[in-house]
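**Q** Heads up: the sequence lines are chains A and B, in that order. Each residue of the first sequence is one higher than the one before, counting from 115 in my numbering. Each residue of the second sequence is one higher than the one before, counting from 23 in my numbering.
Warning: the hint list may mix true and false statements.
Said to hold, decoys possible - Computed list of lysine-lysine pairs in DSSO-like fashion (alpha-carbon distance at most 30 angstroms, straight line): (1) A:Lys178 / B:Lys109; (2) A:Lys222 / B:Lys107; (3) A:Lys149 / A:Lys222; (4) B:Lys185 / A:Lys149; (5) B:Lys132 / A:Lys220; (6) A:Lys222 / B:Lys109; (7) A:Lys220 / B:Lys185; (8) A:Lys149 / A:Lys220; (9) B:Lys132 / B:Lys113; (10) B:Lys113 / A:Lys178.
Keep in mind that the hints were calculated from the coordinates and are not lab data.
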Amino acid sequence: MILQTVFDAGVSIEYYVMLASILFGIGVLGVLIRKNAIILLMCIELMLNAANLLLVAFSTYYGKADAQIFVFFIMVVAAAEATVGLSILVMAYRNLRTVDISLFNKLKG
Amino acid sequence: MSLAILTYILGGLTFGSALMVVLAPHPVRSVLYLILTFFFISGNYILLNAQFVAVVNIIVYAGAIMVLFLFVLMLLNLSKENEPKTKNVAKFAAVVASGILAVVLIAATKDTMILQSGYQTSDNAQGLVEGLGQLLFTKYVLPFEISSVLFLSAMVGAVLLAKREKQITNEL
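Build the full structure now, drawing on both the sequences and the hints.
**A** Structure, rendered in structure tokens:
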């Protein structure tokens, strides 16, 4: 079965590299700019999705499905990370009554 | 040619909504923009002929993970007033640093591309359930099984961490 893809329509693979890099940059920007710990976790999800987008783009470009399997494994790890991270945050909120990461400084000497 | 225009429009929308995740002042709005971003990324997957990944992306990310985030936000009762503020100097430094990172990533990958050049229109239907299932249950069956152990440990860890400490002391 032959399906038409965006690469047949003249979109280059460099476009997807650029889009994924910019999305990753936005994720890094969020981690640096926000102090709410939940939004930090969300920006990590955004960075993982940038990697997923690039994996799928190259998978279609080379016509091999292996990269799409790796996308599933990235989703598995992201789900596990989100559950554990959020439960740690709920525990921290219960103790400190805040999710501001600049106040999580009990280990500071 | 219209497919290319659609791709560029979708890329622009993805970029815009991802930027709004970072810039939205209210945390709940941030979550909603992230869900929108995941839908746009799923649109990109469909244009790339990865239909199954697109559907799973919506179900897992927009349906499960982001709802979990939303629940925790509601549970902690965060509002715009007690949203922590960042200093303007730190904001400027963050914009410069992440912008430079994105530029370096693009520049580094731009010249070192494509060893095996040329895109073939041969067989592009592996993004469907049949091809992916075939691969997942033969070549990648061991990582697939190990990921279930990862899920189990994450589940046990989450239950253990989120349990109220008062109840533990009462039982003891």
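**Q** Given the hint that B:Lys132 pairs with B:Lys113, does the C-alpha gap stay at or below 30 angstroms?
**A** holds, 28 angstroms
**Q** Taking only the CA atoms, is the gap from B:Lys113 to A:Lys178 under or equal to 30 angstroms?
**A** violated, 41 angstroms
**Q** What's the verdict on A:Lys222 and B:Lys107, does the C-alpha distance respect the 30 angstroms limit or exceed it?
**A** Holds. A:Lys222 to B:Lys107 sits at ~21 angstroms (cutoff 30 angstroms).
**Q** Holds or violated: A:Lys222 and B:Lys109, Cα atoms, limit 30 angstroms.
**A** Holds: A:Lys222 and B:Lys109 sit about 21 angstroms apart, inside 30 angstroms.
**Q** Would the hint linking B:Lys132 and A:Lys220 be met if the CA-CA limit is 30 angstroms?
**A** Distance ~44 angstroms between B:Lys132 and A:Lys220 Cα, so the pair is violated.
**Q** Do the alpha carbons of A:Lys220 and B:Lys185 lie within 30 angstroms of each other, as the hint requires?
**A** Answer holds: A:Lys220 to B:Lys185 is near 22 angstroms, not above 30 angstroms.
**Q** Between B:Lys185 and A:Lys149, does the CA-CA distance stay at or below 30 angstroms?
**A** Distance ~25 angstroms between B:Lys185 and A:Lys149 Cα, so the pair holds.
**Q** Has the given pair, A:Lys178 with B:Lys109, been kept, meaning a C-alpha gap of at most 30 angstroms?
**A** Cα-Cα ~47 angstroms, so violated.
**Q** Tell me if the straight-line CA distance from A:Lys149 to A:Lys222 falls inside 30 angstroms.
**A** Between A:Lys149 and A:Lys222 the Cα gap is close to 18 angstroms, so the pair holds against 30 angstroms.
**Q** A:Lys149 and A:Lys220 were given as a pair; does the straight-line alpha-carbon distance stay at or below 30 angstroms?
**A** Given pair A:Lys149, A:Lys220 holds - Cα atoms ~16 angstroms apart, limit 30 angstroms.
The structure shown violates the earlier hints numbered 1, 5 and 10.
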